[in-house]
Amino acid sequence: MNTQDQHGRGRTGPRPRRARLLAATGAAALVLASGLATPAASAAPQARAAQGAQAQEAAKAQKDDKSGGKVLTVAVAQSVDSLSPFLAVKLVSTSINRLMYEYLTNYDPKDAHAIPGLATKWEASPDKLTWTYTIRNTKWSDGQPVTAEDAAWTFNKMMTDEGAATANGSFVGNFEKVTAPSPTQLVIKLKKPQATMTALDVPIVPKHVWEKVTDFSKFNNDKSFPIVGDGPFVLTDYKADSYVRLKANKDFWRGAPKFDELVFRYYKDQDAAVAALRKGEVSFVAGSPSLTPAQAASLKSDKNIHVNEGPGRRFYALATNPGAQAKNGTKFGDGDPSLLDERVRHALFMAVDRKAIVDKVFQGHAVEGQGYIPPRFSTYFWKPSSGQELAYDPAKAGQLLDEAGYKKNSDGKRVGKDGKPLNYRVLCHATDPNDKAVGKYLQEWWAKLGIGITLDCLDNVTDPWLAGKYDLAFDGWSVNPDPDFVLSIHTCDARPQTPKDTGATDNFICDKAYDDLYAKQLAEYDPAKRADLVKQMESRLYDLGYMNVMAYPNAVEAYRTDQIKSITTMPSSAGNIYGQDGYWSWWSAVPADSGDSSDGSSSTGVVIGIVAGVVVLVGLAVLFTVRRRATAEDRE
Amino acid sequence: MTAEATPSLVEDAAATGPAKSGPAGAGRAPRARTTTAYLRYVAGKLVGAAVSLLAVLVTSFFLFRLIPGDPVKFMTGGRPVSAEQIAAYRREFGLDLPMWQQFTEYCGKALTGDLGTSYQFHVPVMDKITEALPNTLVLTGTSFLLYTALGIFLGTRSAWRHGGLGDRLNTGLALTLYSIPSFWLGLLLIIVLSVGAGPVPGLFPTGGMESGGKEGFAYIVDVVHHLVLPVVTLVAVEYGQTLLVTRSALLDEMGSDYLTTARAKGLRDDLVRRRHAVPNALLPTVTLIFVNLGRTVAGVILVETVFSWPGLGGLFYQALSVPDLPLVQGLFFVFASAVILMNTLADLLYPLLDPRVGR
Numbered sequence: 001m002n003t004q005d006q007h008g009r010g011r012t013g014p015r016p017r018r019a020r021l022l023a024a025t026g027a028a029a030l031v032l033a034s035g036l037a038t039p040a041a042s043a044a045p046q047a048r049a050a051q052g053a054q055a056q057e058a059a060k061a062q063k064d065d066k067s068g069g070k071v072l073t074v075a076v077a078q079s080v081d082s083l084s085p086f087l088a089v090k091l092v093s094t095s096i097n098r099l100m101y102e103y104l105t106n107y108d109p110k111d112a113h114a115i116p117g118l119a120t121k122w123e124a125s126p127d128k129l130t131w132t133y134t135i136r137n138t139k140w141s142d143g144q145p146v147t148a149e150d151a152a153w154t155f156n157k158m159m160t161d162e163g164a165a166t167a168n169g170s171f172v173g174n175f176e177k178v179t180a181p182s183p184t185q186l187v188i189k190l191k192k193p194q195a196t197m198t199a200l201d202v203p204i205v206p207k208h209v210w211e212k213v214t215d216f217s218k219f220n221n222d223k224s225f226p227i228v229g230d231g232p233f234v235l236t237d238y239k240a241d242s243y244v245r246l247k248a249n250k251d252f253w254r255g256a257p258k259f260d261e262l263v264f265r266y267y268k269d270q271d272a273a274v275a276a277l278r279k280g281e282v283s284f285v286a287g288s289p290s291l292t293p294a295q296a297a298s299l300k301s302d303k304n305i306h307v308n309e310g311p312g313r314r315f316y317a318l319a320t321n322p323g324a325q326a327k328n329g330t331k332f333g334d335g336d337p338s339l340l341d342e343r344v345r346h347a348l349f350m351a352v353d354r355k356a357i358v359d360k361v362f363q364g365h366a367v368e369g370q371g372y373i374p375p376r377f378s379t380y381f382w383k384p385s386s387g388q389e390l391a392y393d394p395a396k397a398g399q400l401l402d403e404a405g406y407k408k409n410s411d412g413k414r415v416g417k418d419g420k421p422l423n424y425r426v427l428c429h430a431t432d433p434n435d436k437a438v439g440k441y442l443q444e445w446w447a448k449l450g451i452g453i454t455l456d457c458l459d460n461v462t463d464p465w466l467a468g469k470y471d472l473a474f475d476g477w478s479v480n481p482d483p484d485f486v487l488s489i490h491t492c493d494a495r496p497q498t499p500k501d502t503g504a505t506d507n508f509i510c511d512k513a514y515d516d517l518y519a520k521q522l523a524e525y526d527p528a529k530r531a532d533l534v535k536q537m538e539s540r541l542y543d544l545g546y547m548n549v550m551a552y553p554n555a556v557e558a559y560r561t562d563q564i565k566s567i568t569t570m571p572s573s574a575g576n577i578y579g580q581d582g583y584w585s586w587w588s589a590v591p592a593d594s595g596d597s598s599d600g601s602s603s604t605g606v607v608i609g610i611v612a613g614v615v616v617l618v619g620l621a622v623l624f625t626v627r628r629r630a631t632a633e634d635r636e
Numbered sequence: 001m002t003a004e005a006t007p008s009l010v011e012d013a014a015a016t017g018p019a020k021s022g023p024a025g026a027g028r029a030p031r032a033r034t035t036t037a038y039l040r041y042v043a044g045k046l047v048g049a050a051v052s053l054l055a056v057l058v059t060s061f062f063l064f065r066l067i068p069g070d071p072v073k074f075m076t077g078g079r080p081v082s083a084e085q086i087a088a089y090r091r092e093f094g095l096d097l098p099m100w101q102q103f104t105e106y107c108g109k110a111l112t113g114d115l116g117t118s119y120q121f122h123v124p125v126m127d128k129i130t131e132a133l134p135n136t137l138v139l140t141g142t143s144f145l146l147y148t149a150l151g152i153f154l155g156t157r158s159a160w161r162h163g164g165l166g167d168r169l170n171t172g173l174a175l176t177l178y179s180i181p182s183f184w185l186g187l188l189l190i191i192v193l194s195v196g197a198g199p200v201p202g203l204f205p206t207g208g209m210e211s212g213g214k215e216g217f218a219y220i221v222d223v224v225h226h227l228v229l230p231v232v233t234l235v236a237v238e239y240g241q242t243l244l245v246t247r248s249a250l251l252d253e254m255g256s257d258y259l260t261t262a263r264a265k266g267l268r269d270d271l272v273r274r275r276h277a278v279p280n281a282l283l284p285t286v287t288l289i290f291v292n293l294g295r296t297v298a299g300v301i302l303v304e305t306v307f308s309w310p311g312l313g314g315l316f317y318q319a320l321s322v323p324d325l326p327l328v329q330g331l332f333f334v335f336a337s338a339v340i341l342m343n344t345l346a347d348l349l350y351p352l353l354d355p356r357v358g359r
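Line by line, the protein sequences are chains A and B. Number 358 in our numbering belongs to position 358 of the first sequence; there are no gaps in the numbering. Number 283 in our numbering belongs to position 283 of the second sequence; there are no gaps in the numbering.
None of these hints come from the bench; they were simulated from the model. Accuracy of the hints is not assured; some may be wrong.
Said to hold, decoys possible - Dumping the calculated SDA-like pairs for lysine to any residue here, alpha-carbon to alpha-carbon at most 20 Å:
1) B/K73 x A/K565
2) A/K383 x A/Q370
3) A/K90 x B/K214
4) B/K73 x A/D463
5) A/K300 x B/A197
6) A/K218 x B/G94
7) A/K239 x B/E131
8) A/K408 x A/K448
9) A/K90 x B/Y317
10) A/K327 x B/A87
11) A/K565 x A/K383
12) B/K73 x A/D506
13) A/K327 x B/E84
14) A/K218 x B/M99
15) A/K218 x B/E131
16) A/K223 x B/G213
17) A/K239 x B/K214
18) A/K396 x A/G452
19) A/K223 x B/I129
20) A/K469 x B/I67
21) A/K408 x A/A395
22) A/K218 x B/K214
23) A/K90 x B/F74
24) A/K239 x A/D222
25) A/K239 x B/Y219
26) B/K73 x A/P464
27) A/K218 x B/R90
28) A/K500 x B/R91
As the list claims (entries may be wrong) - Covered stretches of chain B, going by a simulated chain A footprint (3 or more residues, C-beta under 8 Å):
29) 112-121
30) 190-202
31) 301-309
Please read all numbers here as calculations on a predicted model, not as lab measurements. Glycine included, every Cβ here is placed at the ideal spot set by N, Cα and C.
Assemble the whole structure, with the sequences as input and the hints as a guide.
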């Protein structure tokens, strides 16, 4: 009690008046805030005049006045990993690189066949080992001419410098020698024939800028702006996780883009991005990877917003463990031996109702799965003939299992060769709600067959997957216009050297007939003949029953029609906008008459913010005066 | 680390708080002895902090190697990559070395202030952190000041008239907001105040920290404008904690005799509260303030995500998903250091606030 008395008395006098101090701090913060805000408002007189008008219009007027251009703003969620084409691997970065630098070839927006880019034409020698490209007469954004030497230097750097090979090294793996005998001629000598020479997705960089770089593994190309390039846009500013700004390259050889500026703004939360689109802060939202059915449905009711739904580039499949084996012959993992029987795999295939998956899980925003390559790549799309198709037919699936010797026991469960009931472990991605939903259906459908499943939903499926410790797994890949890569991951050669190594294989599949076809298509330079071989590979893969392609999820995106009048999708008849193979969407986008996306700093907002700040301040001031008077009276 | 460091702090606070058993007249001890005791106390705390920091440095290396997943596999997945490229990645990241060698290299570098190079961003971890740290501090620092002030202000008023309508409303509202998920509140604010709903116009940007392309004064205004909604969200969700701690601490003091004495002297009720009761009740709140201050550095992942704020919280999430080991370790080290630093500061401050501590 003494202590407390002491405290009380001791601190009464000199003690700072805490509550008041805190209140004063708060008030000071407010003064600061509104103090900062006021000059800006007066700095934009026309914005103040438009106080009564719509916030967006005011902001637009302000911006048009400043930059005099139409701005296309795109909401993105993925962080840029690097702006250096030698390091960038994330979709957002490679898409931006595609806008900054022209590649040798591009893909036609109609059907994705190779068309001229930086190369105006190309030719292979009769022995198939030498490719000669004619380089276009065009200029870098700093006025220097683009020459074959730039291309040769880019490829040679990737072949000789490990750091420069980080992102795209695989493209030059089969290159023997790259030279530029003249400023318009690029010659690439190969070790073995390679049909993918018109699909070299490698940004060609200006030698005169990049030869000054010392360490390619650490140079991120994001310090000095504008960045010299020859694509449809020139990158002018970048701030990590805030924005990427590009301005139109008026001298672009294919024609200048219609918008004057392209801005990628960060919205890490998809609902926030959708809100920004509704407000008009952004012109386009892609979603990562797609808008949800609920978001799409709610946006459709907005008359100024167009929801674009197109066939995606991904397939969504169920992969079966074929008994993991390394290239040196060592078997590993613990895949269920019953799955080695083709009849069992076919039975599982036939007990999956792919239509139900599209309708119920994807809520219609997907296309029913057929062949390995999605239908948007019409050149390579293949579907099973009616005799070959493993259509949904639970009764026939049961018959197949009976034939294979997996009969039901007295409990109605199929019994394996070891006498135990069949129960498959299905690896699923905990982060993907579709996996879980489809898993529930599989549980139901296969239970009717007499087969149990255990869903292993993990944050990280890589470890059990690489160790071959699964029976089935949810699988999916994005497919490129050139299908070489997605085909290569099912070859015997893609498997790991030993069980300890990591191979490029997707699912440990190894089939001689498939491999023979793969080698043939890689050496086939005639597009039609190659497409035929690829289709044969898809047919073989289907018959093997290791990859059950259940659906091709659609890309669901949305844009404001009062900001974007028209935009090219890929494929152009019906396709997607974000993450195309090429720069078609942003290059072709035509601004709507009414204007562009506002930048979000609506001046009405600032004005109202200030008013609110002032009101609070006045309130505080009154409070203080009243209290001071009270205290003063107290003293008297 | 928070968990490791907090208990000692709470104990200290409990000992220093409204304890009624302090020796009477302790303040009369010889001055020299007090100083020595204080210095010994300070030395003890500093050594403790140093040991904690070292422990953090070591744990952060091993802790994150327990995360399943191979960074190289993550970074090369889904695209054509040759075996040579994979080997090159391993060499570049130093993952081909034996664990003990990786550890000694990490420790050696860390002691010179080099936290390594981020796997996914190809830049020194320190650069990445110093780039995002100011952004986080602007957001969390502003909110911290506001919710602390608001919490103390409302807490003291609540306690002073406890049981009344004001108290019940205050406490009820604070508890309700405290239990609301921050991302949900944030989204709600975006929909109502940013996009605009019904008669409410869209006043604030939907996300981000700046519109870009602005400089000087216009830039500051722009950032303040972007700051409003995330700060409101954080203040709403956080002030309840300070309010409740302040309220309960003050309630413990309420029946004390020295308050009766103060009133008997004829002091106005307001002055009794401000100058007598609150200072004595503030120690637990000070503890909380420093705990919160330590947390400000770590950022706020959910709010940063909803409002697309380019801060450390989001960076940590990105680093974990690879896992980008150098970046994760670096961030963990920085977060933990901030908490340790603030707790040590609080420890050093207690004896000044209450002479009984540190004897």
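Okay, the hints, checked on the actual structure:
Of the pairs offered as hints, the one joining B/K73 and A/K565 is violated, with about 42 Å between alpha carbons and a cut-off of 20 Å exceeded. Under the criterion of a C-alpha separation no larger than 20 Å, the hint pairing A/K383 with A/Q370 is consistent with the structure, at around 5 Å. Only pairs whose Cα atoms come within 20 Å are accepted, and A/K90 paired with B/K214 is rejected, the gap being roughly 28 Å. Of the supplied pair hints, the one linking B/K73 and A/D463 holds, its CA atoms being roughly 10 Å apart against a limit of 20 Å.
Between A/K300 and B/A197 the alpha-carbon distance is near 18 Å, which keeps this suggested pair within the 20 Å criterion. Pair hint A/K218 plus B/G94 holds up; C-alpha atoms about 15 Å apart against a cutoff of 20 Å. Restraint check: the Cα-Cα separation between A/K239 and B/E131 comes to about 10 Å, which is no more than 20 Å; the hinted pair holds. Between the alpha carbons of A/K408 and A/K448 the distance comes to roughly 11 Å, so the proposed pair stays at or under 20 Å and holds.
Taken as a hint, the A/K90 and B/Y317 pair is honoured in the structure, with Cα atoms around 16 Å apart against an allowance of 20 Å. This hinted pair checks out: A/K327 and B/A87 have alpha carbons roughly 18 Å apart, not beyond 20 Å. At most 20 Å may separate the alpha-carbon atoms for a hinted pair to count; A/K565 and A/K383 exceed this at roughly 36 Å. A C-alpha spacing of about 12 Å is found between B/K73 and A/D506, which places the hinted pair at or below 20 Å, so the restraint holds.
Under the criterion of a C-alpha separation no larger than 20 Å, the hint pairing A/K327 with B/E84 is consistent with the structure, at around 17 Å. With a CA separation close to 24 Å, the supplied pair A/K218 and B/M99 exceeds the 20 Å bound. Distance restraint check for A/K218 and B/E131: the Cα-Cα separation of roughly 17 Å lies within the 20 Å cut-off, and the hinted pair is therefore satisfied. For the hint pairing A/K223 with B/G213, the CA-to-CA distance comes to about 16 Å; that is within 20 Å, so the pair holds.
The suggested pairing of A/K239 with B/K214 holds, with an alpha-carbon distance near 13 Å, which does not exceed 20 Å. Taken as a hint, the A/K396 and A/G452 pair is honoured in the structure, with Cα atoms around 18 Å apart against an allowance of 20 Å. A C-alpha spacing of about 17 Å is found between A/K223 and B/I129, which places the hinted pair at or below 20 Å, so the restraint holds. For the hint pairing A/K469 with B/I67, the CA-to-CA distance comes to about 19 Å; that is within 20 Å, so the pair holds.
The straight-line distance between the Cα atoms of A/K408 and A/A395 is roughly 14 Å, inside the 20 Å bound, and the hint therefore holds. The hinted pair formed by A/K218 and B/K214 fails the criterion: a straight-line CA distance of about 29 Å is larger than 20 Å. Pair hint A/K90 plus B/F74 holds up; C-alpha atoms about 11 Å apart against a cutoff of 20 Å. The suggested pairing of A/K239 with A/D222 holds, with an alpha-carbon distance near 9 Å, which does not exceed 20 Å.
Annotation: proposed proximity of A/K239 to B/Y219 holds, straight-line Cα distance about 14 Å (limit 20 Å). Distance restraint check for B/K73 and A/P464: the Cα-Cα separation of roughly 13 Å lies within the 20 Å cut-off, and the hinted pair is therefore satisfied. Under the criterion of a C-alpha separation no larger than 20 Å, the hint pairing A/K218 with B/R90 is consistent with the structure, at around 15 Å. Our distance criterion of 20 Å between C-alpha atoms is met by A/K500 and B/R91, whose separation comes to about 17 Å.
Remark: the stretch 112-121 of chain B is confirmed as covered by chain A, as 3 of its residues place a Cβ nearer than 8 Å to a Cβ of that chain, reaching the required three. Counting residues of the stretch 190-202 of chain B whose beta carbon lies closer than 8 Å to any beta carbon of chain A gives 7, which meets the minimum of three for the stated coverage. Remark: the stretch 301-309 of chain B is confirmed as covered by chain A, as 5 of its residues place a Cβ nearer than 8 Å to a Cβ of that chain, reaching the required three.
When held up to the earlier numbered hints, the structure conflicts with 1, 3, 11, 14 and 22 and fits the remainder.
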